[in-house]
Amino acid sequence: MSLSQHLPILPILLPMLTAAALAPVSEFRRNIKVTVGVTSVVLQLIVAIALLVQADAVSGANPAAVYLLGNWSPPFGIVLMVDRLSALMLLLTALLALPALVYSIARWDRVGVHFYAIFQLLLMGVNGAFLTNDLFNLFVFFEIMLAASYGMVLHGSGTARVKAGLRYIVVNLASSSIFLVGVGLIYAASGSLSMSEITLLAGELSSSNYALLQAGAAILAVAFLVKSAVWPLNFWLPTSYGVAVAPAAAMFAIMTKVGFYSLFRLWAIVVPEDAVAGLQDEAHWIMALAAITLLFASLGMLAAQDLRRMSGVNIIASTGILLSGLSLGTNYAWAATLFYLIVSTFVVGALFLLIDLLERIRQFGADMLAVTVEAFEAQGMVLPEQEEIGVSIPAGLAFLGFGFVLCSILVTGLPPLSGFLAKFTLLVAVLNPAEGAVHWWHWVLMLLIIGSGLTGIITFLRLGIRVFWVPESHARPHLRIIEAAPVAWLLILCIALTIWAGPTMGYLNRTVATLSEPHASAKAVLQSTPVAAPGETSP
Amino acid sequence: MELIFALAVGVLCSAGIWLLLRPRTFQVVMGLSILSYGVNLFLFAMGRLKLDSAPVLAAKNAHEATKYADPIPQALVLTAIVIGFAMLALFLVVMIASRGLTGTDHVDGVEEDEQ
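Listed in order, the protein sequences are those of chains A and X. Its first residue numbered 1, the first sequence is counted upward by one per residue in this note's numbering. Its first residue numbered 1, the second sequence is counted upward by one per residue in this note's numbering.
Just some of the chain A residues that point at chain X, by a computed CB distance under 8 Å: (1) F136; (2) V140; (3) T159; (4) L166; (5) R167; (6) I169; (7) V170; (8) L173; (9) A174; (10) S177; (11) L180; (12) Y187.
Hints are computed from structural coordinates only; laboratory data are not their basis. The structure displayed is predicted, hence computed values, not measured ones. The C-beta atom is built at its ideal place from N, Cα and C for all residues, glycine as well.
Please put together the full structure from these sequences, using the hints given.
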């Protein structure tokens, strides 16, 4: 087999081996850790791009690559499947991981031990969850991702992190139990754990078994909804994301998206071939949850008193918008949702990193300087003017201010950047629902989506004034290139999405076309044959 | 047998959930482990309850599927036990760290009368 055939396993193997290699390396040999860690993420980025190109090259609903682990023929073994959606999510993860990792080199990697190994394990879990086609394997990758995320939340220790981490772990352990119950019920109903096989079997089950399958899927959905932080299962999120160190919080931006991605896949499982119309009830439930989540996030945004909490609530708002897109059920709405997913992942990542930089001008800012000056002048001494190292004030502060404005425009969906394009396409989708006629609940949803943007911009203005204009003077932000570049990289990605919105939407439309025919791709997965042993001829 | 099994799962899960909602971290730990016992039993039963049959193929009767118990849920339960055990150990460490840092075993890190 050539290397290109092994590409689908690499996003899991690379971080796993890197983590294994980095764990025994002493914390004092930081250079090795940094070099190996960054190299691994760059390689993952290259693999993700290669997979994306491969995924987009196939026509129709066939998956680009089906990787049979252990060479068992499906549905007996665990299968990794790469289609356009999973390739897109892999690329998104790698594009977010690279700046988060580079940013952490500046200082956050040193506040605790094993940062690089835990970071790689998080990537392994996330990548695996995007690739696997087996429900129980999905559970395992979720647990890997969560175990790593516990380490990330607790990285740096301290009372606040331990307290928040404690609750975060309890919530996720409980939701893991729910996950298992859901998987168990689906297995009991269908006798299979392969998502592709369940998709094909769903239509042929007896009515009692089908009801059991739906119950299992609903319970499983609850576990995914906890991960994607939907109301009322989201009270853990602002606190635990708020206390985590900045690069960890930026990586968590992808974690809520893993829950959402799994919902997409689950949707394909429970849809029998001719029963899309029968899903209206479920869609309405999800729409109601999305609406309440949006309302909750809007109120939470207004109540937020600091930037960290606000960006945590922003994640909840983006979940609300993503779920409204999912519940609409049309291809156009799904493509718009995925576009919003890309933008919101990047911008929330950028926001968490930017807030960390902004806190630096506040924490070591006016108050402390004033106190020091007072103390010294009381003793008849005048502080000598200190020579500034690094980028001087105007550039540093201008960068922070400009970044903040860009983030607020992108998050709230103001024109002209990609946040606006994403929200606008979604609003168009709300007005073209699957059932044809526009009902009152569509108008409510539209109002809530626009309203969350409005409360967002109010909060950004309020907090922005407090950070930039109220203090008499700012500490001079010593921005280093490795801190400013990751933020710039994420924001440039968002701007690039504005410019190349057409090609991106083209790709997303093809993605959604694949998703709307789950049966064709499921058949293709089950028909893939094991590789012949050396010396044998393939059957 | 089905009734006893269902009752066991139900009692374990409800006891686990009740303990999970209690304010002391120790109660939460007990709740989580009891809940995971309940869930593991439930998962085990998803392969249908069957007496006097092994999940491992024997030399004779290897082709008669009805003679065997479903091995997949058993494999799943094993995995779930291992993962759950590791997570519980991790949670215990965090719990002890929280006790050390806050000086109380309340889940909020503050005694109720101090709030």
